[in-house]
Amino acid sequence: GAGVSQSPRYKVAKRGQDVALRCDPISGHVSLFWYQQALGQGPEFLTYFQNEAQLDKSGLPSDRFFAERPEGSVSTLKIQRTQQEDSAVYLCASSEDYGGETQYFGPGTRLLVL
Amino acid sequence: SQQGEEDPQALSIQEGENATMNCSYKTSINNLQWYRQNSGRGLVHLILIRSNEREKHSGRLRVTLDTSKKSSSLLITASRAADTASYFCATVLVLNNNNDMRFGAGTRLTVKP
Numbered sequence: 080g081a082g083v084s085q086s087p088r089y090k091v092a093k094r095g096q097d098v099a100l101r102c103d104p105i106s107g108h109v110s111l112f113w114y115q116q117a118l119g120q121g122p123e124f125l126t127y128f129q130n131e132a133q134l135d136k137s138g139l140p141s142d143r144f145f146a147e148r149p150e151g152s153v154s155t156l157k158i159q160r161t162q163q164e165d166s167a168v169y170l171c172a173s174s175e176d177y178g179g180e181t182q183y184f185g186p187g188t189r190l191l192v193l
Numbered sequence: 037s038q039q040g041e042e043d044p045q046a047l048s049i050q051e052g053e054n055a056t057m058n059c060s061y062k063t064s065i066n067n068l069q070w071y072r073q074n075s076g077r078g079l080v081h082l083i084l085i086r087s088n089e090r091e092k093h094s095g096r097l098r099v100t101l102d103t104s105k106k107s108s109s110l111l112i113t114a115s116r117a118a119d120t121a122s123y124f125c126a127t128v129l130v131l132n133n134n135n136d137m138r139f140g141a142g143t144r145l146t147v148k149p
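Chain order of the listed sequences is A and B.
The numbering used here numbers the first residue of the first sequence as 80 and each following residue consecutively.
The numbering used here numbers the first residue of the second sequence as 37 and each following residue consecutively.
Excised from the complex, chain B in its bound form (with noise of 0.2 Å):
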């Protein structure tokens, strides 16, 4: 069964403008990852954010987390045409040395050039 829950399902924005994308979720974690997966192809890791973190940046990418709130967002800064894609946020819990890993059903990005 899917955990987190992506917020809007669908995201259009013009090239240039920013990119936000919120993840809910409802059990304990040990970190939370963000996924990005273009039509017809696999997913791609992007970043990782642990239960003992708040706030993450890579490039123009920029996770915070909320433990208290369950809940992440993503943004993506000064967005272009190549990031549209769908993203996923998946939570992450330890089990028996398994990382138990559940993705929401992700947003549709869509950059307009």
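Next up, chain A with everything else stripped away, as it sits in the complex (with noise of 0.2 Å):
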């Protein structure tokens, strides 16, 4: 079956733009993150849903990153008013159980804030 798919794949934005990234868990999958991932660096926890519920969001670096999962699918990551300091790899990934243990990454979306 299909994996994790992210798009875009690479998004080039100017510094202020709005921009929201797509990620498709694995079919049936509950439990979906979202990470970002610096150059050089290990990707860093953002956000965590459970179904349709985001349970966690401790990692959002600020109140300009917002995330849903409105039907306990499809999910968007959203960064309003871009800098440079967002250029990186997000990257998301889903569980077949509630907490996560084993988890599937997409491909990710570089974003590129100049």
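It is worth saying that the hints were derived from the structure and are not from the lab.
Since we're looking at a predicted model, the values are computed, not measured.
Treat the hints with care, as some may be off.
To be verified - Computed list of lysine-lysine pairs in BS3-like fashion (alpha-carbon distance at most 30 Å, straight line):
id	chain 1	residue 1	chain 2	residue 2
1	B	Lys106	A	Lys136
2	A	Lys136	A	Lys93
3	B	Lys92	B	Lys106
4	B	Lys92	B	Lys148
5	A	Lys157	A	Lys136
6	A	Lys136	B	Lys62
To be verified - For the chain B half of the interface with chain A, some residues (derived, Cβ under 10 Å), not all of them:
id	residue
7	Gln69
8	Gly78
9	Leu79
10	Phe139
Where a beta carbon is used, it is the ideal one built from N, C-alpha and C, also for glycine.
Mind assembling these two chains? They're in different frames, but the hints should get you there.
What follows is the structure, given as structure tokens:
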């Protein structure tokens, strides 16, 4: 079956623009995670959904970052008024179990803010 | 914030040699996982070792865990050029039914044919 997919794969934004990043998890997976990966670093946790409920958003770096998963499947990460330090790869992962012991990652969206 | 620290940061070996990567961490864990990431791609789950386990094998991979030293190692035997990738350890602590997963900065492995 299909794995986790993300779109777009690459996004170039001008500073101040809003962006929306999409994640399609594996069908039936209840848990969904967003991570931010800076160049040369490991992923850092942003937020976690269990079905449509956002149970943990402690990793979101500022109130410019907003994530939703309204029907418990597709999720969107929105970044408002992008800044250069937002440039990173944004990874989405899904898991069939509650809590996400084993996570399956998408290919990521590489965001470059100019 | 990142929890694990991988060592070395970069490793270059010849095909057929073994590659050993280490991971140290600071807090308690429920399990530790190793992932591989090819350039420009997402992470691929390799192996999970629980806090009450000391060693685990999967194909050419061998993972050890020493909770007293808060360290883990990943050994890839008989390496191949296709093993060239970045390898990350991730510590997991279960909090409020959520697996709080923290990654290290990774080891960049190059296997020369």
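Run through the hints listed earlier and report the numbers of any the structure violates, in increasing order. Checked against the structure, no hint fails, so every one of them is satisfied.
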